[in-house]
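J.: Listed here are the chains, written in short residue letters.
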Amino acid sequence: MMKKIFIFLLSVVMIIAINSCYNDTGNYDYSQLSNVTITAQDTVYVTQFNTLTVPVEIDLDGMAEDDYTYSWRLWSNEIGNKLKKSISDTKELSYEVVEVPGSYTLVFTTTNKLTNVSEYKTIDLMVQGVISEGWMVLQEKDGKTDFDLIMSPYFSERHQEDIILRNLYESVNGEPLQGHGLKISNYFALGRYQYVVILTDEGGVRLSATTMQKTYDLSTLMFDEKPLQPENYFYFDYYWCLGRGNEVIISDGRYYINELLGEGYTEPILKDGETYRASKWGPKQLWTFKGMIYDELNGRFLGIQNPYLTATPLPEAVGRKFDWNNMGAKLLYMDTGFKHYDYGLMEDWDTQELSLYVLNFDVKNNFDVAMYSADNIPELANAKYYAIGERGNVFFYATDKDIYLYDYAGSNTGNKAHSVPIDERITNMKIFKPLVDRYITSHPYDNKILILSTHNDNTGEGKIYMYKFNESVGTIEKESEKVFDGFGRILDMDYNYAKYGS
Amino acid sequence: MKQINKIFGVLLLLIALSGCNNKYLEYDESLSTVRFIYNIAEQDSVTYSFALHPGVSEDVIDIPIQLIGLTSPVDREVGVEIDKEKTTAKENDNFIIGQSVIQADSITGKLRVNVKKTSNLEDESLVIAFKLSENANFASSPIDKSTYKIILTSKLIEPSDWPFNEYSRVKHEFVIKVTGKGTNYSEWNAQELIYYIGELNKALYEYNKEHPGDFLTDENGLLVTF
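Respectively, the protein sequence lines represent chains A and B. 1 is the number of the first residue of the first sequence in the working numbering; add one for each residue after it. 1 is the number of the first residue of the second sequence in the working numbering; add one for each residue after it.
Take these hints with a grain of salt, some might be off.
Below, simulated SDA-like cross-link-like pairs (lysine to any residue); rule was C-alpha separation at most 20 Å, straight line [what the hints assert, rightly or not]:
(1) A:364 with A:236
(2) A:271 with B:203
(3) A:433 with A:210
(4) A:271 with B:164
(5) A:84 with A:122
(6) A:226 with B:188
(7) B:209 with A:276
(8) A:226 with B:203
(9) A:284 with A:393
(10) B:202 with A:297
(11) B:202 with A:305
(12) B:209 with A:270
(13) A:141 with A:165
Non-contacting residues of chain B with respect to chain A, defined by C-beta distances greater than 10 Å in every case (computed) [stated by the list, open to error]:
(14) 57
(15) 101
(16) 147
(17) 173
(18) 184
Just a sample of chain A residues kept apart from chain B, beta carbon distances all over 12 Å, derived [stated by the list, open to error]:
(19) 162
(20) 213
(21) 446
(22) 468
For the record, the hints were derived by calculation from the structure and aren't laboratory data. Here a beta-carbon is modelled for each residue, glycine too, at the ideal position from N, C-alpha and C.
From just these sequences and the hints, can you work out the full model?
T.: This is how it looks when you write it as structure tokens:
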């Protein structure tokens, strides 16, 4: 028995031994494997819009550096993100990261020019976001429209110093914005839904408010497919309904409304041949109504109500301070101000006299609150820009050079409050309003900062000036002046809300 | 001691052998049949109205079929026959049944029926009734899921997702004329529906303006509104 086992085992050993004598006569073209070794960090962190450098040590096994080529490639690890690009062909990497926050793979490759043998080093790259709340400045520079984002301790405690992210649209989206800019604004609903809207004379875009990536061409969201001729955009939330609200685009005299989380813009329903031409301005403090049009054609307000967003004339104004169904005037400006009323500056169609109307559309009837004759207010007729405070009876108006404060509720007079430098002219004026009812409920500078933009026609430079003012009466604290420069011709500006929960 | 070892040995052998006992339920691999897939409401019929599809004189209706049994590596034809007692439509004139196949490695298939518009559909609804039949590939179908009917008509019928308040044939025709859509209104999102109601109101206003004293009125004598 033992003998048989021994013979069997011996046979197995012999077969293995003979097999090793097999002569491989295959015709293969072998390359000398490289002994190059690459040493670098396995994981690298970088902040978006900062320069990425990755130290690499290469042992070329005695070969000259010139005998090798180098490349850096980058691709996204996120599902659905098809980004894949070469970012450098030198050994020393210096790359300004414009990629949106997320996880990426970075691959460094060195290739021997003679043998074509390559060595790779794969590095995990984590791009951290930097876009936060701040002041968005839409501008035209070198013939192109884009926007900058000013992030400053003024706007957020998360910043210890001023940071300005330049030309954000093109940086993030890799293409210039089409058309000439008209309007930049923001949308904030239910915390989770935040975006930025830019209108241009060719239409507009919707961007993610946290990454500034383009999510829609606005024209694709217009159900009637009429060409966009944008005049204004605004968003309003309903104070009495947590987080809900509507956004509005005024285009060529049409009022397009997008209800909360609606998937497109439509005009409200008009019955029995009702017609209108929408002012670019409109009331924003609403609850009974889902929207409110100021109809320039008939000098009246049209309330938009359910069902199905139907626009109808308002109830009759019998015995009231003024007739909201027959204003007979052009609406020059309107915004929500003190006590959450809507303040509308109007010019009479016939007499061209100016009046300031205060309206409360948070009720079902009796919308009139007050009317102030504003016909003798200095330079008000020549004003181009307006800003209304919500913490007091504050009404700023501005010509090209001067800012005035209109004391409508007191002396009903206007006084020059400030002037810009002689070689600059004002191009926009806003009051800083960073709150969203029930969601962002406090900010130390809410309704306390006046923000001006100016342009120097000789140098072509645009500037932003910020001033604190007394929120109750509007007195500007000139010594608080803070200036940001380096802009082109500033077209519009607005606040970008912080990412909810951040 | 030897006895004890033997007993242990036998016990161990029994335990080991017991592990080989197959206690899993076995699927009857020989069972292979099919059934119709009814909708959520378990309806065994579908109504097809040519009036809901303006400009269409021929169309295709796919009736889904479910395999009962294991998949096969080859295509298998399903036996379908017309229930002549219940069918009032005429084959070839009103309908043509296509081949029905459960394809290889698939658990579903469809019965494809070509339907044709004829003038008599303006006056009456016609029925096409099918039943699944046994053949070389599939055994008899479960009796409660073996029949299906198509009801053909050229009359307007109220879609289940009609969104324009009171239904009337005249209103429905007007909707189709303005929007080009006769059915499946739930495909519109809420904003889209508002847009179309707006368009319908504009069109209705224009119609009534062009017909003074003869405003759009439905078959019940009521003024059409949106």
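J.: Each of the hints needs a verdict: does it hold here or not?
T.: Hints versus structure:
1. A:364 with A:236: Holds, at roughly 18 Å.
2. A:271 with B:203: This hinted pair holds, its Cα atoms lying about 10 Å apart.
3. A:433 with A:210: Holds: residue 433 (chain A) and residue 210 (chain A) sit about 19 Å apart, inside 20 Å.
4. A:271 with B:164: Within the cut-off at roughly 15 Å; holds.
5. A:84 with A:122: Distance of about 14 Å is within 20 Å: holds.
6. A:226 with B:188: Distance of about 19 Å is within 20 Å: holds.
7. B:209 with A:276: Holds: residue 209 (chain B) and residue 276 (chain A) sit about 18 Å apart, inside 20 Å.
8. A:226 with B:203: holds, 17 Å
9. A:284 with A:393: holds, 18 Å
10. B:202 with A:297: Answer holds: residue 202 (chain B) to residue 297 (chain A) is near 18 Å, not above 20 Å.
11. B:202 with A:305: The hint holds at about 18 Å.
12. B:209 with A:270: At roughly 15 Å apart (the allowed maximum being 20 Å), residue 270 (chain A) and residue 209 (chain B) satisfy the hint.
13. A:141 with A:165: holds, 15 Å
14. 57: Non-interface label on residue 57 (chain B) holds, nearest chain A Cβ at 29 Å vs cutoff 10 Å.
15. 101: For residue 101 (chain B), whose nearest Cβ neighbour in chain A is about 36 Å away, the distance exceeds 10 Å, so it holds.
16. 147: Fine: 41 Å to the nearest Cβ keeps residue 147 (chain B) off the interface.
17. 173: Since the minimum Cβ distance to chain A is about 21 Å, residue 173 (chain B) lies beyond 10 Å and the statement holds.
18. 184: holds, 17 Å
19. 162: Consistent with the label, residue 162 (chain A) stays out of reach of chain B, its closest Cβ about 40 Å off (over 12 Å).
20. 213: holds, 23 Å
21. 446: holds, 32 Å
22. 468: holds, 42 Å
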